[in-house]
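These two chains come separately, so use the hints to put the complex back together.
First to last, the protein sequences are chains R and P.
Throughout the first sequence, residue numbering follows the UniProt record's numbering, covering 1 to 342 in sequence.
Throughout the second sequence, residue numbering follows the UniProt record's numbering, covering 1 to 249 in sequence.
For the record, the hints were derived by calculation from the structure and aren't laboratory data.
Among the hints, a few may not be true.
To be verified - Partial list, computed: chain R residues near chain P (C-beta under 7 Å):
| no. | residue |
| --- | --- |
| 1 | Asn294 |
| 2 | Ala295 |
| 3 | Gln300 |
| 4 | Leu304 |
| 5 | Pro305 |
This one's a predicted model, so the numbers in the text were calculated from it and none came from an experiment.
Ideal Cβ positions, reconstructed from N, Cα and C, are used throughout, including at glycine.
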Amino acid sequence: MSALPVLDLKDASSFPSRRVEAWKYSDLRKFLREAPQLSPSATIPLVGGGPFEALGGEAMVFVNGRPVDASARVVCGEQTVRLRLISKAEGTGHAVAARISARAGAKLLVLETHEGEGAGYVAHNRLELDLAEGAEVTRIVLTDEPGDVLSVTQAAVRLARGARYRQTIVASGAKLQRLETEVSHPGHGADVRLDGAYVLDGSRHADLTSVVDHLGREGTTSQLTKGVVKDTARGVFQGKIIVERGADGTDARMGHHALILSERGEVDAKPELIIYADEVQCAHGNTVGNLDANALFYMQQRGLPLDEARALLTGAFLMEVIDRIETEGPREVVREWLTARL
Amino acid sequence: MLSISNLHVSVGDKPILKGLSLDVPAGEVHAVMGPNGAGKSTLGYALSGRPGYEATEGAVSWRGEDLLALEPAERAAKGVFLSFQYPIEIPGVPALTFVRTALNAQRRARGEEEVSAPAFLKLVRAASQALKMDFDMLKRPLNVGFSGGEKKRMEILQMALLEPSLLILDETDSGLDIDALRIVADGVNALRSPERSMLVITHYQRLLDYIKPDRVHVMVAGRIVASGGPEMAHQLEAEGYDKYLPEAA
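Here chain P stands alone, though its shape is the one from the complex (with noise of 0.2 Å):
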């Protein structure tokens, strides 16, 4: 299980988190959702070792170790992952190799034999078909001119190959369109299980009608605020988040 307390994180002298606390359960899906600006990235950028992301007071667990103590490719090979918003283009680096490159680092890392070449492709191309995505684009350079929509498949496609055990979805959906939303979620929903826990930022209620959430967590300046079941995710859709912000706000 993840366990998130008191964490205070700063970018550069500005506080963003100020003292969150949260905890999901293994094999649980929880939502946090918030206002522009409340540090819903840098969360996940804190989880993920982000370097300028500093903690500066709390603690990060994550199945019983302290994740703030580890290298962001520890943490990886570790289980955790973060689907970026904005997805990274790796120039001259094809998708395949560089994902089969990451797969066999973390294995080193945990001690596991590598993956050779031939089964791995049997693996991207299983995977790259429940996705629909293009073998052919495998073999180009890495998001490097692919759409908004098919850096976030080739995310979840990393995803499935990678296998991590915390995954952390940032704003995932912002930039599909409903079919490709429906694909993405599909994609998500296919790696729900006992083992994997589940955190989903997001600006919209939308992502949360394709991945059920358990709880949702509403997150304000830095804190979270409110917590509830998944019916919380369309109250706040109707109602909005006013009534959480400070007064001064």
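Here chain R stands alone, though its shape is the one from the complex (with noise of 0.2 Å):
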């Protein structure tokens, strides 16, 4: 059962419109009418190993659709695996399924990176994760994609029981970039934290959009979100968290805030906790602003010139998302990665 419509790139009746409650923010029909062609083979560039390379692990990698090597993957005991999905195409569209299932007891990082070469391509991703009692996984996704292309990222999380699951979500956009998850949750014991940070420019479009769906009792959820977005930019958080009935015991926090440095960018913001059980802790907020023009003042009368100081505080405003990964290998690359593009 799935509360978010899944795309079929072969099926342009899938592709949803504005009207479809859960992409009012992001329409994919605007942009793609007809099921585009499909992306020809293509081979991996033999040089580089992806922006996590240094940290080593397995590499799981799929060139325009196609798996290089397995489309799925069971895991036991502690294990990295650096699943990139590269896409290499001109005007043409390509579909990843890939399965990643970790055993009772695993601790899995896995370490996503969508690379895109070329323009205008279609690129969808349906990514099932499955994690076993007790089970440990953590994604870390990088978003790095030409700003002309459509790209879809459906993730399907399943937790048993005790089981824990870390996800920070780094996006840069695209012509329309979407990354959801999805996520059911037992409870007892099972325990979430699902952030993102995204940062914009040009006409760029992000879009993170997540279901956390407690199912049972004494689960923890929590979750942040933040972005900037420059020129005219948008950025899109949708983050719904379920409580079902009898889920109580339920502890459930969710956070977006967002920067808006330009005129014309925008931010979409739709937080929103559905709650049929009782006994449950369940709090939201939002906001969204421009920086602290006091502040700002403050930084240039100490020397920093207005974009240093702009960076400066943008980054400091990112960086409590990326303090949250645990883990200092991806911390770190992922926090260069994105003071690299402030």
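Following this line, the structure appears as structure tokens:
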């Protein structure tokens, strides 16, 4: 059962327009009316293993939708998987279907990168993550795609009792970029952290949408997303937390905070808490604003040029999200990656 | 030397400074005293280039350069430092990172080499000890959760590290108890030198017992209406500003 409609690139009738409630801020149909031609197979560039190369682990690579090796993986024990979704296409479309299962007690780090080359392509990524009892999975996503492509990633995450799931998505947008996460949360000690950061300039668009469904008692979810938009860029945050009947003792918190640094930038936020249980603690906070003019002047007065003052303040604003990544190696890679884009 | 002549500054449509003239020669400390609403803080903001404080007439030159033509950061690199009456909190940016970034930005603007991290730490340790500041506090975001006294000490620490040549102190004594005032004043006095000019903006004479001025100016309704030696501060404290206020008030 899925709350969010799943795309099928071969079937144009599955492309949602803004009349579909869950897609009202990201009108895919406006840009894509017909099924795109299938992208040709391409070879993976031999140099470089992606932004997380230095952290080692095993690579799981898809190029234009085709797995270089396997498209599914079962993980036991402690492992790092660099999931690289590579697009090398001009005006065509491709779809990835990947599945990773973490066995009971496994400790898995998924370092996912969306690496795009070319122009005007359509990429659809369908990712299924299963966490068995007591498994611990951290998924970190970095996107780096051209500004004229359409890119939709739909992740379905299923947790068993006592599992821990940590996610941080860092999005740099595209013509339309949407990163969906749907979490099936069984409670009973299962714990979810679902974070995001977006930095958008030009006319880029990024949409971070999530649905967390609390099905059982005593489950926790903590969500923090922060974003910065410049120029005519547009950021979208939709976060939905559902607490089903009987899921008492649920503790769920959601925060989304954005800065708009230009006259014509736009941020659309839709936080939703849907609660059918009685004994729960749920809260959400949402703010959209600009940089503090007093702080900017103070920093300039001490010698920082305006651009540098802005970058330092926006960096500090976003790093709150990055600081929540518990593993040092990827945290520092993401920090540098983000700092270079401010 | 700092030379201000016939300076008019408006905030929005409202004229605040109305023909202010003042010279501060190199190596001297001048105090500007005046009642609330005289435009004292506006003078500090206008000299440091705060957006929204627009000079509509007059000139300001600092070491022969037209200060009003420069951006705030360019003025800072030329040695202008405004110590804020209410220092701003900068969330997420550790004090150490902030000061080092500022120092290196100024040095780059002047074509000087940047200071390395270890060399900077050594400078900070010495300067923070002199101000009796807890070094660990400098790892916290700048001024966030600092007490009034800690914020003022942080301003003086920045002064000591950035080594400005024109210091503008805006109500530096406000919110300080006697002990903190003495430490802050000692910090300022340590920076007195034949190359530095200081403009001490204050409502009360108290600060001037600790930072002894060479000249005292009385500012009323956006202009300097009287100037004199250091004894003038005591006279003002005893007699108030009444005799300088316009008849209509």
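Against the structure, the hints come out as follows:
| no. | hint | result |
| --- | --- | --- |
| 1 | Asn294 | holds (5 Å) |
| 2 | Ala295 | holds (5 Å) |
| 3 | Gln300 | holds (4 Å) |
| 4 | Leu304 | holds (5 Å) |
| 5 | Pro305 | holds (5 Å) |
The structure meets every hint from the earlier list without exception.
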